[in-house]
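Participant: Each chain, letter by letter, is given below.
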Amino acid sequence: MNGTTARPWAAIRKTKSYKEIVKALWLSNPISKQILGICSALAVTVQLKNAIVMSVALTFVVAFSSMIISALRTIIPRNIRIIVEVAIIATLVIIADETLKAFLYDVSKQLSVFVGLIITNCIVLGRAEGYALSNPPFRSFMDGIANGIGYSSVLIGVAFIRELLGAGKIFGYQVVPEAFYAAGYEDMGLMLLAPGAFIVIGLFVWLEHSLLKEK
Amino acid sequence: MENLISIAVNSVFVGNILLAYFLGMCSFLAISKNMTTAFGLGIAVIFVLTLTTPVNWAVYHFLLAPGALAWAGLPSMNLSFLKLVLFIATIAALVQVVEMIIDRYSPALYAALGVFLPLITVNCAILGASLFMVERNYTFSESVVYGIGSGVGWALAIISMAAIQSKLRYADVPEGLQGFAINMITTGLMAIGFMLFAGISL
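Protein chains in written order, with our numbering: chain A, 1 to 215; chain B, 1 to 202.
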């Protein structure tokens, strides 16, 4: 942000963009604090790989939709803004979906309808309504990226735990040694099923609440 | 017929749109504090899903699917990539109609649901059901049954959640676990309960 200063890091910390990013990443991390974006996210957390692809797709959509909506904010008539926003978001989601189908067909099959459901992900519309409509394009873009990353961190965290405990694997590679299984260790099948995701998220939020309180 | 019954049972219990596919979580968590509103929203979702799934079936099969425009003399047209946009538009229009009907016939319910009715439009469960209907290649009658079943499943989940939460008020929950965290864990336990219906074979 400010290349002339002797300590660029300190200068960066003072910029508005930095503060917004910290706010989005930690202080109001979407999945636990804002409750909003939780829809559909959990279904793709059985495998780490799928969760990462989903995170990238969502970050792409939320960043660019915020930027475009912010750039158009003065010319969108107020009373039809939701429709305009949904149209912009839907276009970006279609681009993401078709790109996945073209280049990552297997992952796209496994993500099935959940990429399409980014349209109804409350984070995307929430950022458009809550931030992009009243801020300039670049800051909206950064806000979108930060919210996307905040959301991704939770998604990837849940996927890591579910894949590790549920299948003994990370990125599809076996990490729990054979000797453990020989000694009687068993994979936790529950983690691969839907209830596992709910419970892991619940425990995550518990951990986060405890950490924030200590501060 | 057997097929339809199994789709119905599956969409209400084992493949519950909320507890097995995580769709419609936002409104589920926001509205489940109060029994009356949870019930109202549950009914509204059943109603909207029952309407939108078959309507979107028609939209997909007469406008969007590969070769669907043969009746208009365009047999090689494939517009299926437009399904996201068109489904959302159909849903938004239908929700608007439902909103006006509720406003006209039940002002009390309208007042209770308040801002949350328009949120049904962006309720993932509604769009999700339509997308699953396409992905699973349901026929028209299957899509009707699937729409109703998913709606009933969602309503069942939110009403049970509201009931559990009203009992939970008297429980001594550890401090960090209060609110969102305990709700998620409760939902997880409910999901385990619903999965037990997997044993039913027709």
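The hints are simulated quantities; they were obtained by calculation from the structure and are not laboratory data.
One or more hints might be untrue.
[Claimed, not checked] If you want a taste of the chain A side facing chain B, the calculated C-beta under 8 Å gives, among others:
no.	residue
1	15
2	195
3	202
Glycine included, each C-beta is placed from N, C-alpha and C at the ideal position.
Participant: All hints are to be evaluated individually against the structure, with a verdict given for each.
Facilitator: Verification of the supplied hints:
no. : hint : result
1   : 15   : violated, 31 Å
2   : 195  : holds, 4 Å
3   : 202  : holds, 3 Å
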